[in-house]
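Student: For reference, the chains in residue letters:
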Amino acid sequence: MEGSIMEAGRYIGAGLAMLGAAGAGVGVGLSALGALGGMARNPDTYGNLLTSMILGIAFSEAIAIYCLVISFLMLFKVV
Amino acid sequence: MIVGCALGGGFAGLGFAGYPAVRPEITAAPERLIEEPLFSLPVIGDFYLVNTLPTLALTIILLGLLSFFANRSLTRSLKSDLVPRGIGNVLESVLEMIYNITEGSAGRKWARTVFMWFATIMIYVLFANLLKLLPGFESIGVLHEAHGEGHAVEALGGPWFRLLPATTEEHGYILAPFLRGISVDLNFTVALALIAVVAVQAIGFRALGSGYLTKFFNFGNVFKVPFFGVIDMFMGILELVSEFSKILSFAFRLFGNMFAGIVLVAVVSSLLGMISIVPAMIFMFELFVGVIQAFVFGILTMVFMVMATSGHGHEDHEPEAVEEAHLI
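Those sequence lines, one after another, are chains A and B.
Residues in the first sequence are numbered from 10 upward in steps of one, following our numbering.
Residues in the second sequence are numbered from -9 upward in steps of one, following our numbering.
Please note that the accuracy of each hint is not assured.
[Unchecked claim] Among the chain B residues that face chain A by a calculated CB cut under 8 angstroms, a handful are:
#, residue
1, Ile16
2, Ile51
3, Asn247
4, Ile289
Derived from the structure by calculation, the hints contain no laboratory data.
It should be emphasised that the depicted structure is a prediction, and the values quoted were computed from it without experimental measurement.
Virtual Cβ for every residue (Gly too), placed ideally from N, Cα, C.
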């Protein structure tokens, strides 16, 4: 009985940890929004904006990756 | 200890009929190839032969070979007709791109110093990230007897065994692969982060001398303008804390991305092992993530170094730059 409660807690915790991906999604969307707006106004800046946009996306995505790692750790009983 | 080897198809995306994919043991720490410690030091503790060590040696050898052949190719072209060919040409174009990015934000004075760190870290992390996508990584290794949950094995003849997908509670085996990507080891990423952050401080001291310390301990204005002086002091403490958090964010960004990558590949291959195309797609995504993370690690080092070389608050390099522009 206790084991199955632990099991349920692990799955629920892994699901809850992935809530953090919502913030990362907003962050990725905002950086793409800004970059696309800039490209539409001034198409010449395409190359510069693309590099900075991918950098910004990598930063916000790292947050989602932290959540993913935490939920993996819970799911597979690593720690 | 079992000395056999195992073919677990899981990580390599080898999920075709007859060799169903196996979900390997997922551990955040690198696995030990030999259970007994290699040697032990009095204070630090035991040293084990972990499976990121062979990969580290492989990475260093590959990078050494690359630089040797590039050097030879460039020397040859320097002696004949000054036209770079082959591997030297490829490397030159990559390094030129990195140098132009560095010069754009660091200025001509510090570009050479900062460029060396940027290029070294970026190429090293790039090799570390891309090597772990090769077939054979995470799939061939030594079989250990499992203490908890393990896999059943099937003999293939000789010392070779194959893991079966089913897990058992007793008399199971787990696989400790011979090779595991070095960026999936927290030791590697923390070491690299420490090197990068210490180098940032060293370049800050080289550029500003002892004046670099006023970035952190800014007591100059406390008695002249008390209110803003206290704010400056508080900002200095924040800067000091942010230097330490740089180490953490550097280390965990790379480790987290790469660890999530191997877990994603393992889980997707064990779920959809019979349809090999899906793990292959994840591998393509891993290729993208590996390149991006190498670039991010390098460019962040570069940006932090540029921030350390430029002084705190006042811009005293501006007039020189204007004069130079007039001369040109």
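Student: So, for every hint listed, does it hold in this structure?
Tutor: Each hint tested on the structure:
{"no.": "1", "hint": "Ile16", "verdict": "holds, 5 angstroms"}
{"no.": "2", "hint": "Ile51", "verdict": "violated, 29 angstroms"}
{"no.": "3", "hint": "Asn247", "verdict": "holds, 5 angstroms"}
{"no.": "4", "hint": "Ile289", "verdict": "holds, 7 angstroms"}
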